[in-house]
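In full-length UniProt numbering, the protein residues as written are 1 to 142.
Treat the hints with care, since some could be wrong.
What the hints assert, rightly or not - Derived lysine-lysine pairs resembling DSS-like cross-links, with alpha carbons at most 25 angstroms apart:
| hint | residue 1 | residue 2 |
| --- | --- | --- |
| 1 | Lys76 | Lys65 |
| 2 | Lys37 | Lys23 |
| 3 | Lys23 | Lys96 |
| 4 | Lys65 | Lys26 |
| 5 | Lys65 | Lys79 |
| 6 | Lys30 | Lys76 |
| 7 | Lys79 | Lys30 |
| 8 | Lys65 | Lys37 |
| 9 | Lys26 | Lys79 |
| 10 | Lys30 | Lys53 |
| 11 | Lys76 | Lys26 |
| 12 | Lys23 | Lys65 |
| 13 | Lys53 | Lys37 |
| 14 | Lys53 | Lys65 |
| 15 | Lys37 | Lys79 |
| 16 | Lys53 | Lys79 |
| 17 | Lys23 | Lys76 |
| 18 | Lys26 | Lys37 |
| 19 | Lys37 | Lys76 |
| 20 | Lys30 | Lys65 |
Claimed, not checked - Computed Cβ-Cβ distance ranges for the label pairs, DEER-style:
| hint | residue 1 | residue 2 | range |
| --- | --- | --- | --- |
| 21 | Tyr59 | Phe3 | 40 to 48 angstroms |
| 22 | Glu39 | Leu15 | 16 to 24 angstroms |
| 23 | Val93 | Ile2 | 51 to 59 angstroms |
| 24 | Leu82 | Phe42 | 12 to 20 angstroms |
| 25 | Ile90 | Lys53 | 47 to 55 angstroms |
Because the hints were derived from the structure by calculation, they are not lab data.
For glycine and all other residues, C-beta sits at the position ideal for the given N, C-alpha and C.
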Amino acid sequence: MIFITFALILLIAALWFYYWMIKEYKYWEKQGVQFIKPEFPFGNLVDMVMMRKTAGEVYRDIYRKFAGLPAGGFYKLRKPVLLLRDPELIRTVMVKEFNKFPDNDFEIGREIDPLLAINPFATKSPECFYFLAKSCLYFSNY
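Input sequences plus hints: build the corresponding full structure.
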């Protein structure tokens, strides 16, 4: 009896974990964005996780799959990610709407690389706004 109870609890936990993992995989479908179908549990990064391709090759392939589209969605494990291809859309996000997209996927510590740590694309908000404002001064004259 204890074995059956334990097996039932384990089955329920496994089903709950599976549901929890895949529930985000419907995000782009609900948003009406064209996306690459993810593979459980790695999303669209299976080749990178299994070390069959480098991160650059995986992202290049994802980028090429959205040829002719202004944007497309994919999944980093469970996390939905929007990939922009249209230059005007990129400009809108990077210039006009930058304050709505302040956080980046990664952050470089100053002790690891002091120069890359102040790059606006490798810092988290609110620090990124400070460094972006500083770097915009250098490029605004061109």
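For each hint, the structure was consulted:
| no. | hint | verdict |
| --- | --- | --- |
| 1 | Lys76 <-> Lys65 | holds, 16 angstroms |
| 2 | Lys37 <-> Lys23 | holds, 13 angstroms |
| 3 | Lys23 <-> Lys96 | violated, 32 angstroms |
| 4 | Lys65 <-> Lys26 | holds, 19 angstroms |
| 5 | Lys65 <-> Lys79 | holds, 19 angstroms |
| 6 | Lys30 <-> Lys76 | holds, 17 angstroms |
| 7 | Lys79 <-> Lys30 | holds, 14 angstroms |
| 8 | Lys65 <-> Lys37 | holds, 12 angstroms |
| 9 | Lys26 <-> Lys79 | holds, 11 angstroms |
| 10 | Lys30 <-> Lys53 | violated, 30 angstroms |
| 11 | Lys76 <-> Lys26 | holds, 13 angstroms |
| 12 | Lys23 <-> Lys65 | holds, 23 angstroms |
| 13 | Lys53 <-> Lys37 | holds, 18 angstroms |
| 14 | Lys53 <-> Lys65 | holds, 16 angstroms |
| 15 | Lys37 <-> Lys79 | holds, 13 angstroms |
| 16 | Lys53 <-> Lys79 | holds, 20 angstroms |
| 17 | Lys23 <-> Lys76 | holds, 14 angstroms |
| 18 | Lys26 <-> Lys37 | holds, 9 angstroms |
| 19 | Lys37 <-> Lys76 | holds, 12 angstroms |
| 20 | Lys30 <-> Lys65 | holds, 20 angstroms |
| 21 | Tyr59 <-> Phe3: 40 to 48 angstroms | holds, 47 angstroms |
| 22 | Glu39 <-> Leu15: 16 to 24 angstroms | holds, 19 angstroms |
| 23 | Val93 <-> Ile2: 51 to 59 angstroms | holds, 56 angstroms |
| 24 | Leu82 <-> Phe42: 12 to 20 angstroms | holds, 19 angstroms |
| 25 | Ile90 <-> Lys53: 47 to 55 angstroms | violated, 25 angstroms |
The structure fails hints 3, 10, 25 (numbered hints given earlier, in ascending order).
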